[in-house]
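This is what each chain is made of:
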Amino acid sequence: MIDTILDVTLLAFIAVTAIAILRLRNLFAIIMLFGIFSLLSAGLFVVLDAADVAFTEAAVGAGISTVLLLATLALTKEHEEKIPSHRPWLPLLVVLVTGAALIYGTLDIAPFGSASAPAQTHVAPLYLEQGMAQTGVPNVVTGVLASYRGFDTLGEVTVIFTAGIAVLLLIGGRRRENQTRKEKE
Amino acid sequence: MKHNLILRVVSKILIPLIILFGLYVQFHGDFGPGGGFQAGVIFSSAFILYSLVFGLDTAEKIIPPPVLKVLASLGVLLYAGTGVASLLLGGNYLDYSVLAKTPLAGQHIGIIVIELGVGITVAAVMLIIFFAFAGRGRT
Chain A
2 MIDTILDVTL LAFIAVTAIA ILRLRNLFAI IMLFGIFSLL SAGLFVVLDA
52 ADVAFTEAAV GAGISTVLLL ATLALTKEHE EKIPSHRPWL PLLVVLVTGA
102 ALIYGTLDIA PFGSASAPAQ THVAPLYLEQ GMAQTGVPNV VTGVLASYRG
152 FDTLGEVTVI FTAGIAVLLL IGGRRRENQT RKEKE
Chain B
1032 MKHNLILRVV SKILIPLIIL FGLYVQFHGD FGPGGGFQAG VIFSSAFILY
1082 SLVFGLDTAE KIIPPPVLKV LASLGVLLYA GTGVASLLLG GNYLDYSVLA
1132 KTPLAGQHIG IIVIELGVGI TVAAVMLIIF FAFAGRGRT
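As you go down the protein sequences, you meet chains A and B in turn.
Anchor point for the first sequence: position 184 equals 185 in my numbering, and the numbering is continuous, going up by one each time.
Anchor point for the second sequence: position 130 equals 1161 in my numbering, and the numbering is continuous, going up by one each time.
If you're looking for bench data, these hints aren't it; they were derived computationally from the structure.
It cannot be assumed that every hint is accurate.
[What the hints assert, rightly or not] Derived coverage of chain A by chain B (criterion: at least 3 residues anywhere in the stretch with Cβ under 8 Å from a Cβ of chain B; other residues may be distant):
| hint | stretch |
| --- | --- |
| 1 | 43-56 |
| 2 | 65-78 |
| 3 | 125-137 |
| 4 | 140-149 |
| 5 | 153-162 |
Since we're looking at a predicted model, the values are computed, not measured.
For every residue, glycine included, the Cβ atom is placed at its ideal position computed from N, Cα and C.
Construct the entire structure; sequences and hints are all you get.
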């Protein structure tokens, strides 16, 4: 009962935040609302007993990405440019069709927490039953992430590493270049 | 930034606690929620807080950007190297069971080492990205 009330409250707050983000033009306020959005999602994950995901959402979504967006904001203007008015019919049609398709897709999803859902019948029982004996790690999420799905996690780390290299290549060397140019002048 | 006395004092108290919490999340990920990814982000947030309060130049003196580049690669190398080590010991790639005498001990070592690799890379890359963006505004 309490779970349902919490779910509905958090989802309502998330919806309100999303609408506010859509309607605002002040980028600073939007970044703050993004942080709040992530924090609310983290709360929702906690209610759903996904503590690891909630942790990541709170640390990355509400923490680091807010700081990075603020650092980006310092390089640009604080207000979004007013876009000249245009006909919204085609985008509206695309959004409506996609939304209808997504809602049609949810009709097939198994009920929440159902033990016979495809996601619960494939490899999950094996992980839950054998995980402790095979990996010796009490936290199943860590066992799956680090041991059973070690290749995936290696891929994720490589993605992060690649992102760092990309940022360095695009804007990292800029400052030194400026300095040497100044020195030449 | 010289006059923000409250910010300076409070962040000086907070930063060691944040780093300690990051280490806890890193090495307690086997038992509770957490792991290398979250720990890396928390760890880097301590240094980001430091550079926000005390200035980017001071922060870059503590962690020079070249060191960050080495650390970012080191984490991935540690992870992939664990896989190669288990290959050399006769197992499959990233099969930690062969790393120690018993499979369970091997799994434990493998998981701790690769989580450490994840943590190092994530922390270093987050700082690299932050320094790149924050350093660009300065001319």
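Sort out which numbered hints this structure fails and list those numbers smallest first. The structure conflicts with no hint, since it agrees with every one listed earlier.
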